[in-house]
Structures are given as C-alpha cells and as structure tokens.
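Protein chains in written order, with full-length UniProt numbering: chain S, 1 to 206; chain A, 1 to 206.
One thing to keep in mind: the hints can contain errors.
Because identical chains share one entry, a pair is satisfied inside a single copy or across any pair of copies.
Unchecked claim - Below are the DMTMM-like pairs computed for lysine to aspartate or glutamate, each with C-alpha atoms no more than 20 Å apart in a straight line: (1) K200 x E177; (2) K200 x E25; (3) K52 x E25; (4) K203 x D146; (5) K133 x E177; (6) K200 x E180; (7) K203 x D155.
Since the hints were made in silico from the structure, they are not lab data.
2 protein chains.
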Amino acid sequence: MLQPVMHVLKAKKIVLASASPRRAELIENIGLKVSLCPSLFEENLVPNEFSKFSDFVEETALHKVLEVEKRLTGMGSAPDIIIGADTMVTLDGEMFGKPTSEAEAFVMLSRLSGRSHTVYTGVVVKTGEEIVKFTESTDVQFGELDEQQIRGYIDTGEPMDKAGGYGIQGVGGTFVERVEGDYFTVVGLPLYRLCSVLYKMHKHLI
Amino acid sequence: MLQPVMHVLKAKKIVLASASPRRAELIENIGLKVSLCPSLFEENLVPNEFSKFSDFVEETALHKVLEVEKRLTGMGSAPDIIIGADTMVTLDGEMFGKPTSEAEAFVMLSRLSGRSHTVYTGVVVKTGEEIVKFTESTDVQFGELDEQQIRGYIDTGEPMDKAGGYGIQGVGGTFVERVEGDYFTVVGLPLYRLCSVLYKMHKHLI
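Just chain S, same shape as in the assembly (with noise of 0.2 Å):
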C-alpha cells in the first residue's frame, strides 16, 4: 500500500520503540527501514486505571514512544517518525501478560483451550508536528488443547517472552483454529491501519 510514498518514506529516519523482533521483521517485510531502539519506559501503568483496554494499550505505546524520542533528542539524533506498540491479550475481561513461569503459561494455556480470546494492539506513530494513536482488535479462537500437547508447547519455550504464553507467528499458531480481525494485531502490529495512517500522512508528498 505505501508504494506511492516508498521514496518519501526511505529518506526518513524511521525508529521502532520496541525490543520485539517480530514487529522488526513485520515491517522490514513490507520493505521500510527501521531502527530498533527498545524503550526504557517501566511499562507501569495500572490496567484498573484505564476505562478501557484500547486505552491502556495506546498509554503504554505512547509512553514508549515519548521516552524514545525524548532519550534520542538528547543525543542529538531525533528521528523523523517513530512507531511505538503494545499488545495484550485478554479473556473474560482480564489481562494476559507474559507468563512468569511454566506454571503460568501452563494455566494461560489451559484457559485459552478451546475458547475464543481478544488481542488488543495499540499504536503510537509520532512525527515532529504529529502524534496518531489507534488500537485494533482482533479475536482469535483456540482449537481444544490435550495436557500433553500444552506441556509440550511449554517444553519448546516459545511461550515464556509472548503476552498470553503463545507466539502466533511461530508453533502457537497451530492452536489457532480462526482469527477475525487483523491477523497482524495478534503477531503485534496492525500493518493495515499503520500503513492507512502512514500514507495519509505522507501522500501530499508525491
């Protein structure tokens, strides 16, 4: 979709406020450059404090994004936009973040069996002048896992670093029987709408 604004784009100093691979390798895929520069923000914000999922989310992306920007400034290397995320995994209205130990992911795994849960992504994209924040949803229905089958999922030790103990984009996404949403929500970055938001910002500029 940024075709168009490739060539605006590529001159751009482009920075990802995160420490994820994944969302690294999501947007190298659709071929811009970014830098990865993992944010130090505490990632401490109350979930009970936000009315709503989206708007933690969206807080927390915001929050990376401002430390970033606010730390490279200093350094005298200011980006020209800087992306920022957060994603979460929620079922019955509680938060799944990542599993602390195996017995967690162990009962993450378990409630997540069988049943269909919501990932929430929230972005933050940030240029000088500009700052757009959006959150989208995707529901993901697990098929029925067995004992053995999440033990072993657990022993392979993908689901330790992921929130809600799988990894979509990796063995985890063989328990996925169907998503409806943005598949790219649940890997943690929604590439439609930040690509929608990206080429808005841009296409004066052809």
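Start from chain S and add chain A according to the hints.
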C-alpha cells in the same frame, strides 16, 4: 500442537508435493522437517466440472500427491507421509488464479479492492494406508486501494506468482483489513487443521 508426536514424525520421511517456498516455510516453522517435491501434475482440471470450489482444490491436491507418490515410489524412495495442497482465490463465484500479465494483475487487484473475497485451500495427507482430504476457506477483506497503490504493488513483482495477484505474507499483507478464518489458509496451508489431522493419525503411537 504436534509436540507429543514430534519424535514419531521426526522419524518419518515427509514430502510436501509443492513448489511453494511459502508452504515449506510454514511447515518448517512449526518444527517439522519436510522435503519439497514439486508435482509434475499439469493442473489441468476444469473448474466448471466441479460443483464446489472445495471439490476442485481437493482434487487438484490429490492429483499432486498421487503423482509425487508414484514418481518417488518408482525411484525406490517412497515417502511415509505426503502432503499436497492447492489454493484458490474466489470472488463473485469466479476463480482467480495466478495473473498471466501485469494488466491481468491490475484487473484482479482492482476487483479485490474495498471488498471481501474467499480463499480456499484444499489439503491431502497420504500415508501408506490412509488418505485424508479437507478444505478450509477464509474470508479476506481488502481496504480501498487507489490506482497508484495497485500500480506500485505490481511494480514490486510480488503479484505475479500468487493466486489472486497478492501475497498476504508479503507487501500484500498491507492491503488486508481483516480476515475471518485460518490466516494460514490464505498463505497456502491451513496449519490448525493440518496439524489436527497429523496429530490424530499418530497419537496412538505416543
């Protein structure tokens, strides 16, 4: 999902009767080792002779599998498991194959723009004793594309070897507002259903 039977599957000779690097990547990504053996089947079935799209893709997948099995067996290296698949993009009851020219790619992508279409992938899994066939379908909603975006995408070269003229796992993923169904059906191999079949076939061997 396959972890409990992975040691069984790793001892098998698995062949993917396909030339698609995308299908091979998907299947290797979930930890299975496969050899790629492109089928020499001519793919000359006539769509109008089938009452359902699913019958057409399953039959094409079956012919691919049988041709590869016959050839490899003739060479004295019969595989334990052969997997074949065929993917088709449909809109308004019409099948979209791979575009044969840039002009055809332009027409296809213009028709997909701003609408939902359906992707069918038929799969055949054959062991010595058993044949399992199934088809998965996934709805794909495209955003509205302008002419420049379509022409820019065609210039990347990506559309030309893809059914429907786009690759969801590449730059074409930025056109897709939402999917309903297994995302991997659109990439070319419905992972959930395929793994369910492989699990059922082998779990008595655990």
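Is it within a copy, between copies, both, or neither that the alpha carbon of K133 lies no farther than 20 Å from that of E177?
between (30 Å within a copy, 17 Å between copies)
Is it within, between, both, or neither for K200 and E25, if the alpha carbons may be no more than 20 Å apart?
neither (23 Å within a copy, 34 Å between copies)
For K200 and E177, with the copy left unspecified, which applies at a CA distance of at most 20 Å: within, between, both, or neither?
between (34 Å within a copy, 16 Å between copies)
K52 and E25: within-copy, between-copy, both or neither at 20 Å Cα
Neither, since 29 Å and 38 Å both go past 20 Å.
For K200 vs E180, is the C-alpha pair at or below 20 Å within one copy, between two copies, both, or neither?
neither (25 Å within a copy, 26 Å between copies)
Given identical chains, is K203 near D146, meaning Cα to Cα at most 20 Å, within a copy, between copies, both, or neither?
Intra 50 Å, inter 12 Å, cutoff 20 Å: inter-copy only.
Reference check for the pair K203 and D155, CA-CA at most 20 Å: within, between, both, or neither?
For K203 and D155, only the inter-copy Cα distance (18 Å) is at most 20 Å; the intra-copy one is 47 Å.
Of the numbered hints stated above, those contradicted by the structure are hints 2, 3 and 6, listed in ascending order.
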